[in-house]
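Engineer: Chain residues, written in single-letter form:
Protein chains: 2
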Amino acid sequence: MTAMEQMGQKARQAARELNAVSGTQKNAALEAMASSLEEQTGAVLEANDRDITRARAAGMIDSMIDRLRLTKERVAGMAAGIRSIRALTDPVGEVMEGRRLENGLEVRKVRVPMGVIGIIYEARPNVTSDAAALCLKAGSAVILRGGKEAIESNRAVAQALRAGLEAAGLQPDTVQLVEDTSRETAAAMMKMNGYIDLLIPRGGAGLIRSVVENATVPVIQTGVGNCHIYVDESADADMAQAIVVNAKASRPSVCNAAETLLIHSGAAPALLPPLAAALREKGVRLRCCGRAAALLPGVPVEPAEEADWATEYLDYILAVRVVDSLEEAMDHIARYGTGHSECIVTENYEHAQRFTREVDAAAVYVNASTRFTDGGEFGMGAEIGISTQKLHARGPMGLRELTTVKYIVNGSGQIR
Amino acid sequence: MTAMEQMGQKARQAARELNAVSGTQKNAALEAMASSLEEQTGAVLEANDRDITRARAAGMIDSMIDRLRLTKERVAGMAAGIRSIRALTDPVGEVMEGRRLENGLEVRKVRVPMGVIGIIYEARPNVTSDAAALCLKAGSAVILRGGKEAIESNRAVAQALRAGLEAAGLQPDTVQLVEDTSRETAAAMMKMNGYIDLLIPRGGAGLIRSVVENATVPVIQTGVGNCHIYVDESADADMAQAIVVNAKASRPSVCNAAETLLIHSGAAPALLPPLAAALREKGVRLRCCGRAAALLPGVPVEPAEEADWATEYLDYILAVRVVDSLEEAMDHIARYGTGHSECIVTENYEHAQRFTREVDAAAVYVNASTRFTDGGEFGMGAEIGISTQKLHARGPMGLRELTTVKYIVNGSGQIR
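The listed protein sequences correspond, in order, to chains A and Y. Counted the way numbering that gives the first Met the number 0 counts, the first sequence spans residues 0 to 415. Counted the way numbering that gives the first Met the number 0 counts, the second sequence spans residues 0 to 415.
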């Protein structure tokens, strides 16, 4: 048995034990994990220093180092995050539906833990505590495989969390960290059928693609968002400008930020020049189709190429295309969208109805910024990611999306 | 572009068009498909004759030929099946939940079509019409890839269904049959990311394993059921006997039939001899552990080997093991079960509670036969299979399990 299979077996056993653990015990364990993390702040920061030193020596860029860095405040934030997950409603045990059949059988569909969840992530050490807390609250054991850049930090955080579990009388193997950060361990997790019930990659497009292509265990794809704002002919000009600027420039590095503006040819001549000015004021560069560029004489725009329509910039860049109809906009979105968040700005009722019905994405907006696609904004509490696939979970994934269901059937001797 | 990619593209286009089709139109199309199938009965039976002739020449066994064979009555049954699916409630458009956020955004979680569903199946031609009708009712286009043994029958059925779609004014490519039944087309379907949103294998364990191991598109595993009946010390003797006999012998070839009897050592001396006699009367052979065999002197039982505990016989064979506790029974099920249907027969309240909470399976029964795990029995109407995985759907899969969800967000200019 390989080391990974041994971890899988321990996780399986921990998951079985969790089935007999009450919500009160889980909450006590989450509190103990938060306290333990606070107590271990010094050790966590020392470990993080070693990661940072190594990253600097390896020439990591500053923005990446900032993602990797922990401070006293950030560790306190991680502990607060665990406590806010503790405060959420326990999803396990919810009776989703039920009925008594003609033959007297009582059938209930009940929410139950997933079992063992695997998370493969990159350089943010706070994912270690967030994911562990969400999985525990959802009743599952977790195997965490973070990036090599953060291994010292992750190890210190995981040790603190496991000490908390133990102090609360739960099995510490409920949370396990893969300490070997070679490619082989990630590849092994993707094939751990029978040990891992759900694998979630959290990170860039390359990581996600690799997991989707190679995993034989069930996977949920998260995150890639090539999001569009379509400004219809009837759009309110001020509203359109506010939404486009917000969706692009309020936080360009996140998946619910807009990447392409589609604007109706009837609205473009009046709307595009002031909109371009507002965007450029926020530092946004524009990649324009020929018709859009022609409406912006004297404005330094770049020509959009085919690849621009398919690019998730995650940066202060916006692709702009003039279209002649709602249909053309929806065709563009069907072709280039990633099924994350799509928006129409319109005052036309029928167009709003058609767009919401016909555009195939996790979240479809009328007259609001795509930036609202977020578990917190949608009122789910913490999220483990935003699913862009159609199976099991779509859109922000909260605690419920980390569970599965079971039919419980109570009888009195019924046979068929 | 390969032939399979072309089919994928046609299916994608048909799926987009389906988003604008009303429930009334879908129902009219289902009625037209049923009528067309009835009208084409002659052509379908002729095609089926050619399949049967070829199968006989290839030496196919009689029970397989019976699965393959269509008769006038069976074709009428397929048409009736389409009409019963037509009569089910349309799952598309259901608002599952919704709320108005503080900022005035109205968020609704709405059930929407999956898009394109692929089905890979073996020698039963009735799957062609069942799967096509279920997918259409759920708003999705379907790509059907049946076994080579049934290709002539499947082609004739698919032609009839497509003629019905066309007569009702829907895109015939809503239902497509893969006519090339080589291994390559099945393998290609498993990798059609971007074209196929959900792939469901329907068939034996070998087919399912191959799909799970090779698919990069999302898959739902169906069907393998190594189901257990645990007869607790406190079980009512008559009830235990009725349930075990029913679960094993009422229809051994189906996935919800029992394969192993676990019996408490305190109950076994009194219960096992009459139970063995009742089972043998139904033609069931017993594969017993040493302790069970010792309780059945003079009864011709076979010794159970390790492999028996893991075998889905789908036959008149039952493995029997004596255990000393509820825990030992649950350990056995955790080790060998496939997460399909598991039953405890008991009069002990706490044991019933623990078994239903701690056993990890799609359906967990107290005092009722495992044979009830079925979409029809559970009141879902027709089912496309029984999922034994935890993601998306678990247990009988009806129309709702063939859909996904979308968040629709209506605003009035909200930005974040």
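These aren't lab readings, by the way, just hints derived from the structure by calculation. All C-beta atoms in this analysis are idealised placements derived from N, C-alpha and C, irrespective of residue type, glycine included. Hints may contain errors.
Unchecked claim - Okay, the calculated beta carbon distance ranges per label pair:
| # | chain 1 | residue 1 | chain 2 | residue 2 | range |
| --- | --- | --- | --- | --- | --- |
| 1 | A | R334 | Y | R98 | 26 to 34 angstroms |
| 2 | A | D61 | Y | G203 | 54 to 62 angstroms |
| 3 | A | T88 | Y | A309 | 52 to 60 angstroms |
What the hints assert, rightly or not - Keeping only pairs whose Cα atoms sit at most 25 angstroms apart, straight-line, the calculated BS3-like set for lysine-lysine is:
| # | chain 1 | residue 1 | chain 2 | residue 2 |
| --- | --- | --- | --- | --- |
| 4 | Y | K281 | A | K190 |
| 5 | Y | K108 | Y | K147 |
| 6 | Y | K9 | Y | K147 |
| 7 | A | K147 | A | K108 |
| 8 | Y | K190 | A | K108 |
| 9 | A | K71 | A | K190 |
Engineer: Check each numbered hint against the structure and report the violated ones by number, ascending.
Structural biologist: 3, 4, 5, 7, 8, 9
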